[in-house]
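Colleague: These protein sequences, in sequence, are chains A and B.
Numbered by this note's numbering, the letters in the first sequence go through residues 33 to 296 in order.
Numbered by this note's numbering, the letters in the second sequence go through residues 162 to 494 in order.
No lab work stands behind these hints, which were simulated from the structure alone.
No false leads were slipped in.
Just some of the chain B residues that point at chain A, by a computed CB distance under 7 Å: (1) Arg246; (2) Val379; (3) Glu385; (4) Gly391; (5) Val392; (6) Ser437.
All C-beta atoms, glycine included, are put in the ideal place defined by N, C-alpha and C.
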Amino acid sequence: MTLLCAERLAIGYGRTQIASGIDLTISAGTITCLLGPNGCGKTTLLKTLIGLIPPLAGSVTVDHAPITSLSATEKARRIAYVPQQHAPPFPFTVGDVVMMGRQAHLGLFAAPGKRDRERVVAVLGHIGMKHLLDADYSRLSGGQRQMVLIARALAQDTTLLVLDEPTASLDFGNQALILAETARLARAGFTILMSTHDPDHAFAVADDVILMKDGAILARGAPRETLTAEALRNVYGVEIAVETLASGTTIAVPQIQGVSRRRG
Amino acid sequence: MTSSRLTAPLLLLALGIVALALFAMTIGAYRLDLADILAVVLGQAVSDSQAGIVIWSIRLPRVLGALALGACLAAAGAVYQQIFRNPLVSPDILGVSAGAGLGAVIGIFLSLPVIGIQMLAFVGGLAAVGAVMGLAAGIRRQDTVLVLVLAGVVIGALAGSATSLLKVLADPYDQLPAITFWLLGSLAATAGSDIMAALPFAMVALVPLVLLRHKVDVLAMGDEEARALGVDTGRIRIILIVAATLITASVVSFAGVVGWVGLIIPHFARMLVGPSFHRLLPTAILIGAGFMLIVDTIARTIAVKEVPLGILTAVIGAPVFVYLLARGRRAWS
Numbered sequence: 033m034t035l036l037c038a039e040r041l042a043i044g045y046g047r048t049q050i051a052s053g054i055d056l057t058i059s060a061g062t063i064t065c066l067l068g069p070n071g072c073g074k075t076t077l078l079k080t081l082i083g084l085i086p087p088l089a090g091s092v093t094v095d096h097a098p099i100t101s102l103s104a105t106e107k108a109r110r111i112a113y114v115p116q117q118h119a120p121p122f123p124f125t126v127g128d129v130v131m132m133g134r135q136a137h138l139g140l141f142a143a144p145g146k147r148d149r150e151r152v153v154a155v156l157g158h159i160g161m162k163h164l165l166d167a168d169y170s171r172l173s174g175g176q177r178q179m180v181l182i183a184r185a186l187a188q189d190t191t192l193l194v195l196d197e198p199t200a201s202l203d204f205g206n207q208a209l210i211l212a213e214t215a216r217l218a219r220a221g222f223t224i225l226m227s228t229h230d231p232d233h234a235f236a237v238a239d240d241v242i243l244m245k246d247g248a249i250l251a252r253g254a255p256r257e258t259l260t261a262e263a264l265r266n267v268y269g270v271e272i273a274v275e276t277l278a279s280g281t282t283i284a285v286p287q288i289q290g291v292s293r294r295r296g
Numbered sequence: 162m163t164s165s166r167l168t169a170p171l172l173l174l175a176l177g178i179v180a181l182a183l184f185a186m187t188i189g190a191y192r193l194d195l196a197d198i199l200a201v202v203l204g205q206a207v208s209d210s211q212a213g214i215v216i217w218s219i220r221l222p223r224v225l226g227a228l229a230l231g232a233c234l235a236a237a238g239a240v241y242q243q244i245f246r247n248p249l250v251s252p253d254i255l256g257v258s259a260g261a262g263l264g265a266v267i268g269i270f271l272s273l274p275v276i277g278i279q280m281l282a283f284v285g286g287l288a289a290v291g292a293v294m295g296l297a298a299g300i301r302r303q304d305t306v307l308v309l310v311l312a313g314v315v316i317g318a319l320a321g322s323a324t325s326l327l328k329v330l331a332d333p334y335d336q337l338p339a340i341t342f343w344l345l346g347s348l349a350a351t352a353g354s355d356i357m358a359a360l361p362f363a364m365v366a367l368v369p370l371v372l373l374r375h376k377v378d379v380l381a382m383g384d385e386e387a388r389a390l391g392v393d394t395g396r397i398r399i400i401l402i403v404a405a406t407l408i409t410a411s412v413v414s415f416a417g418v419v420g421w422v423g424l425i426i427p428h429f430a431r432m433l434v435g436p437s438f439h440r441l442l443p444t445a446i447l448i449g450a451g452f453m454l455i456v457d458t459i460a461r462t463i464a465v466k467e468v469p470l471g472i473l474t475a476v477i478g479a480p481v482f483v484y485l486l487a488r489g490r491r492a493w494s
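Turn these sequences into a full structure, and let the hints steer you where they fit.
Modeller: Written out as structure tokens, the structure is:
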């Protein structure tokens with residue numbers, strides 16, 4: 033079943049067009065990774081797909097409803113967006129932050145009620161962070177903050193989660209934790225669209241990969257068929273070897289040449 | 162995160178402020194004790210006695226004026242800081258105070274009656290904000306908040322220079338002291354009727370702040386994120402800015418320009434109850450009211466002559482500001 037669909041989509045800001053003629057579909061219950069170098073238009077495409085930026089041409093439909101016809105609240109009831117983790121200027125508690133995910137289900141003047149509070153505790157429990165309910169969000173580690181933002185998206189009660197480089201600026205271990213969480217959510221029935229820099233992340237969790245360069249979609253399909261050494265070299269401009277380890281994990285390794293190891 | 166946990170402390174704070182207000186009413190040249198005040202206020206003593214006149218036409222308006230002034234400046238400051246995502250923002254950020262100041266100075270310069278001066282102050286405050294919003298709408302950029310703040314600085318500087326010009330031209334014996342006093346803020350010349358004329362505007366403007374209290378937090382996360390969370394940021398931000406400005410302009414119209422309160426009090430409130438706006442707003446209002454009452458009581462008793470409020474709030478505010486700064490980023494957030 034198609035959850036999100038873009039047809040002949042042109043994206044960009046104002047008069048500056050970044051890409052055009054984009055066609056894509058996201059099927060329910062899958063993880064799709066949007067892969068490409070910095071500045072290739074990943075974030076612009078994501079923001080257009082979730083209705084934060086209006087399309088310059090073409091259409092985006094969510095659950096068969098054109099996204100431009102939906103209000104901010106209606107959009108937020110269909111798509112939950114997880115931005116890159118960041119520290120807000122004020123020390124909100126983890127509970128405060130997750131409660132913001134309930135806004136889409138509250139009227140303009142409504143206050144969150146008992147059911148909303150229960151939902152907040154439930155989603156924090158789901159990601160194993162219930163004990164941090166009253167902790168200061170801005171004092172958490174980057175990885176924990178990213179998990180809280182995922183919990184906030186879950187509190188929105190949507191089936192589609194869109195994550196903008198959720199592993200960026202996280203350390204090695206936290207990247208793995210976030211990836212494991214996305215895989216777990218997909219098994220639980222969520223549909224996930226996420227952008228990433230790292231081909232290994234796509235190999236690890238994606239059902240489907242969209243490979244972008246300079247605003248154009250170069251290839252899409254299953255990770256191992258799409259992310260070939262040749263395709264990656266074409267996109268990133270460096271020699272890359274794609275190898276499958278004895279454990280069955282596929283990795284992409286850049287071939288670093290001409291750099292002599294020096295001391296000092 | 163429940164608001165019920167906050168109800169009891171807020172009630173205590175409110176009771177403390179009532180006690181403080183009664184105590185403040187006993188202080189002054191005409192000696193009154195608590196029993197006199199309670200007898201008059203509760204209607205057990207005649208209101209046209211000398212004590213009654215002092216209470217009804219001097220002390221009570223003064224105390225109510227101070228409470229309203231502090232409450233309004235703190236509420237406006239809390240809103241501005243939250244929606245501009247900047248703890249260093251204060252109610253005069255959009256040029257409200259500068260515009261209202263210019264309006265009042267024009268009134269004093271033209272030797273208008275008090276009510277005329279207040280009307281001009283009110284109109285000046287709104288005109289300044291109107292000009293700021295107009296400028297910001299004209300300059301279409303990605304970062305509307307930055308454009309708004311910069312436009313506020315520009316309009317504030319323009320209004321400030323016009324004010325300075327009028328000070329140069331003003332009669333140095335009659336008008337200049339009045340202008341100076343007004344620009345530093347004072348309740349010395351404020352009658353009960355002035356407060357009653359301005360307060361309805363502040364009350365009406367407080368309604369959207371209370372109604373939208375749960376949306377304000379989301380705005381503090383940034384525009385794009387707030388929209389992704391389902392909040393119509395553009396409309397709500399404009400409503401909140403207009404409301405906070407109206408609140409500021411209405412108190413400036415009867416008390417003059419009092420700095421620091423709108424900057425410092427929301428910080429204190431945030432340190433006590435955290436940044437979540439449905440807790441921050443009532444706390445800031447109560448602390449602001451209590452703080453201003455204490456400052457105004459000091460202002461009218463510390464010396465033979467009344468001390469302008471702006472001087473006292475600066476003397477208290479500046480060290481507090483430095484202290485908060487020295488505590489590092491954590492105190493700001």
